[in-house]
Every structure is written in C-alpha cells, then in structure tokens.
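J.: Quick note on the numbering used here: the sequence shown kicks off at 247 and runs consecutively.
Don't read these hints as lab results, they were simulated from the structure. One or more of the hints may lead you astray.
Computed beta-carbon distance windows for the label pairs [claimed, not checked]: (1) D350 - G259: 22 to 28 Å; (2) A334 - L251: 45 to 51 Å; (3) P291 - P321: 18 to 24 Å.
Here the structure is a predicted model, which is why all the values come from computation and not from measurement. Ideal placement from N, C-alpha and C gives every residue a C-beta, glycine not left out.
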Amino acid sequence: MTALLDMARRLLGRRSQRALDAPGAPPAPGTTIHFSGARMRVTAPPSGEFWAWLSLMGWRENMYPGDRRRYDDLPDEAFRMLATRRGASREAVYHQLMRDHHDDF
247 MTALLDMARR LLGRRSQRAL DAPGAPPAPG TTIHFSGARM RVTAPPSGEF WAWLSLMGWR
307 ENMYPGDRRR YDDLPDEAFR MLATRRGASR EAVYHQLMRD HHDDF
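Turn these sequences into a full structure, and let the hints guide you.
T.: Printed below as a string of structure tokens:
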C-alpha cells in the first residue's frame with residue numbers, strides 16, 4: 247500500500263528532493279561523515295580548507311544517533327589520504343576511493 251502511495255505522490259509531483267544540510271563546523275576526530283550512502287571516519291582534525299572542500303563535495307557530519315541507513319564504509323586511512331593532498335591530486339584520490347568502495351559512484 248505504501249508503494250502505491252509513493253508512486254501516486256511521484257506522479258502528482260508531490261515528492262521533492264530534500265535540501266542539503268548546511269555544512270556547519272568541522273567535525274571532531276572520531277566522528278563519521280557521510281555522502282550519498284558512503285561513510286568515512288574523521289581520523290584527525292580537518293583544516294578549514296579541507297572541510298570546506300569536503301562540504302562542497304556534499305559530505306556532512308552524521309548527526310543522527312539512531313541512523314538505520316546502510317552505508318558503504320571507506321577505509322580508515324581514506325580521510326588521511328585526502329587531507330594530505332591538494333588540488334588535482336586530491337580529486338584523483340577521491341574519485342578512486344569512491345569508485346573502489348562506493349557502489350553508487
């Protein structure tokens with residue numbers, strides 16, 4: 247029954263995409279950030295430039311304690327690998343990580 251209601255809402259244009267949350271302050275080490283079904287653990291305090299870059303890419307801190315969504319976890323070294331690079335090198339590593347570890351990328 248729910249699927250039928252969802253389909254009706256979609257056909258009538260009543261469904262809308264949720265807006266992306268505001269990025270907020272840089273997350274603390276030990277927390278997790280997520281983007282489009284991928285999840286990454288923050289292993290060091292991010293610089294302002296690095297957090298701004300991640301935020302522009304769509305990453306946000308996971309603020310939901312009872313979150314039941316399923317995520318593809320990136321390796322623990324992913325955060326460090328991205329934080330230590332800049333520019334095109336960071337972009338290349340990011341795209342490789344996402345292709346290797348996230349199904350929807």
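J.: Against this structure, judge whether each hint is valid.
T.: Comparing the hints with the structure gives:
1. D350 - G259: 22 to 28 Å: With a Cβ separation near 25 Å, D350 and G259 satisfy 22 to 28 Å, so the hint holds.
2. A334 - L251: 45 to 51 Å: Holds, at about 46 Å.
3. P291 - P321: 18 to 24 Å: holds (19 Å)
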